[in-house]
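**Q** Sequence:
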Amino acid sequence: MPVIVVKDLVKRFKCYASPADRLKEILFKKPRHRVFTALDHVSLTLEKGQSIGVIGQNGSGKSTLLKILAGVLLPDAGTVAIHGRVTGLLELGTGFHGEFTGRENVRHNASLLGLGRDEIEEKMAAVEAFAELGPFIDEPLKIYSSGMVLRLAFSVAIHADPEVFIIDEALAVGDAYFQQKCTERLRAFRQRGGSLLFVSHDMTSVKLLCDQVLVLDKGKPVGFGDPEAMVRLYNRLLAAKGGAIGDERVMERQKIGALGYGSMEVRIRDVRLCLGEGGFADASWPSLGKAGGEGVDFSTEAALAGNDAAQWPCPEATVIPSGHPVTVHVSLEAHATVDELTVGVMIRDRFGQDIFGTNTYLMGERLRLEAGERLHVQFMVAQWNLGPGPYTLTVAAHRSSAHIHGCYHWIDHAVSFHVVQGGGYEFAGVARLPVELAIRRW
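Counting in the UniProt record's numbering, the sequence shown runs from 1 upward without gaps.
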């Protein structure tokens, strides 16, 4: 059963060069404004128990959409149908007053959310316990830090027993402990049948919390679907913004499809995982290997480059025992001279969460490539201390530390592999840390 149905939503704002132009328009009945379309025919259906993320660059219309759904703004066109109590956590501190104490703000904000006086007093102890503000609950809000305001705001909102919870980037200001606490409470909220509409620039949280994701760009919906696929689309949009207006390379970014995206000044030719500690052998340009995640056949790419079928100096690994030495091999070719090349890798688990990543820039290497020059980079891991399960490896070549806007070539899920329990002691979790045990009796 849908709890929110949005059809062809449009929201426009009048923008004036100065306050005087606004007055002149009223007096002389002559337009002195330009129209900014924040939302352009956006449609969305949120089912009961479903979680939908909304992502996009700043100014894409995310917050405007949530404000309309929360009743803060009215649309200029389209329809919005809401079934059930909606609680919104929008701009930090919305509905709070700086001169009121935390406790007074709880009463005030909860009443705005539709709770009665008796209901508020009944929930006060639970709100206070979840916020963990201690004696500051009776101090004026104006002395609170932004993190303390978040604690209070989230606690009030989640205890208002909403059927639909709308969150706009507010969790970004909290400390790690409280963010984890909020995430656990949101999971419990969804397990009870609650619906979530979540806006964030934290792609890990989006993939963790959301069933479906809507991508907005300049107010228009450009994608809706699986979180992993929509995050890749979002990254493509960010990478495209890195090129100059009219740059033909920007068009190329949209065409390369499964081979990834980027400006292609440097192109990744081959990626593979090998058991062992690496080392270079006298082998010509590699042309074998296949990436599992997106079905990219690098042998075709290498053949197009006119390279022979030389073997790698190590066997490819798709099943890796935990704790075993592993080397990640990445081969690249420069199509133009680049002065600040960075090559990086990121391991993600089956949920799409980042587990470990590094790159040549972080490891202190500054690379330069001439046009036509080739490069073979090895990331040698002495102990592949990951927990058993499936993983993917994302590989990127980019300018300096600008891994999005300075992207040369980015391939999500370039390699798929599976980690199995290795020798030595067993462990729980996603990573095995080097640990020693000491026991003393007395």
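Just so you know, these hints were derived from the structure itself, not from any lab. C-beta atoms are modelled at their ideal positions from N, C-alpha and C, and glycine is treated no differently. Check before you lean on any hint, since a few could be wrong.
Only pairs whose alpha carbons sit at most 27 angstroms apart, straight line, appear in this in silico DSSO-like list of lysine-lysine [what the hints assert, rightly or not]:
#1 K123 with K181
#2 K181 with K67
#3 K207 with K30
#4 K14 with K48
#5 K7 with K67
#6 K48 with K142
#7 K48 with K207
#8 K7 with K207
#9 K220 with K48
#10 K207 with K220
#11 K207 with K67
#12 K7 with K24
#13 K14 with K207
#14 K220 with K7
#15 K48 with K181
#16 K220 with K142
#17 K67 with K29
#18 K24 with K14
#19 K30 with K48
#20 K48 with K29
#21 K181 with K7
#22 K181 with K207
#23 K142 with K14
#24 K30 with K7
#25 K48 with K7
#26 K67 with K218
Pair ranges (Cβ atoms, derived) [to be verified]:
#27 E436 with P135: 20 to 30 angstroms
#28 K142 with P2: 38 to 48 angstroms
#29 E436 with M124: 44 to 54 angstroms
#30 H376 with A77: 20 to 30 angstroms
#31 V72 with Q180: 25 to 35 angstroms
**Q** If a hint holds in the structure, say so; if it doesn't, say that too.
**A** Each hint, compared with the structure:
no., hint, in the structure
1, K123 with K181, "holds, 18 angstroms"
2, K181 with K67, "holds, 25 angstroms"
3, K207 with K30, "violated, 48 angstroms"
4, K14 with K48, "violated, 35 angstroms"
5, K7 with K67, "holds, 16 angstroms"
6, K48 with K142, "violated, 37 angstroms"
7, K48 with K207, "holds, 19 angstroms"
8, K7 with K207, "holds, 25 angstroms"
9, K220 with K48, "holds, 25 angstroms"
10, K207 with K220, "holds, 21 angstroms"
11, K207 with K67, "holds, 23 angstroms"
12, K7 with K24, "violated, 35 angstroms"
13, K14 with K207, "violated, 35 angstroms"
14, K220 with K7, "holds, 13 angstroms"
15, K48 with K181, "holds, 23 angstroms"
16, K220 with K142, "violated, 38 angstroms"
17, K67 with K29, "violated, 30 angstroms"
18, K24 with K14, "holds, 14 angstroms"
19, K30 with K48, "violated, 47 angstroms"
20, K48 with K29, "violated, 47 angstroms"
21, K181 with K7, "violated, 34 angstroms"
22, K181 with K207, "holds, 17 angstroms"
23, K142 with K14, "violated, 33 angstroms"
24, K30 with K7, "violated, 32 angstroms"
25, K48 with K7, "holds, 18 angstroms"
26, K67 with K218, "holds, 17 angstroms"
27, E436 with P135: 20 to 30 angstroms, "violated, 41 angstroms"
28, K142 with P2: 38 to 48 angstroms, "holds, 41 angstroms"
29, E436 with M124: 44 to 54 angstroms, "holds, 48 angstroms"
30, H376 with A77: 20 to 30 angstroms, "violated, 56 angstroms"
31, V72 with Q180: 25 to 35 angstroms, "holds, 29 angstroms"
In this structure, the earlier hints numbered 3, 4, 6, 12, 13, 16, 17, 19, 20, 21, 23, 24, 27 and 30 are contradicted, and the remaining ones agree with it.
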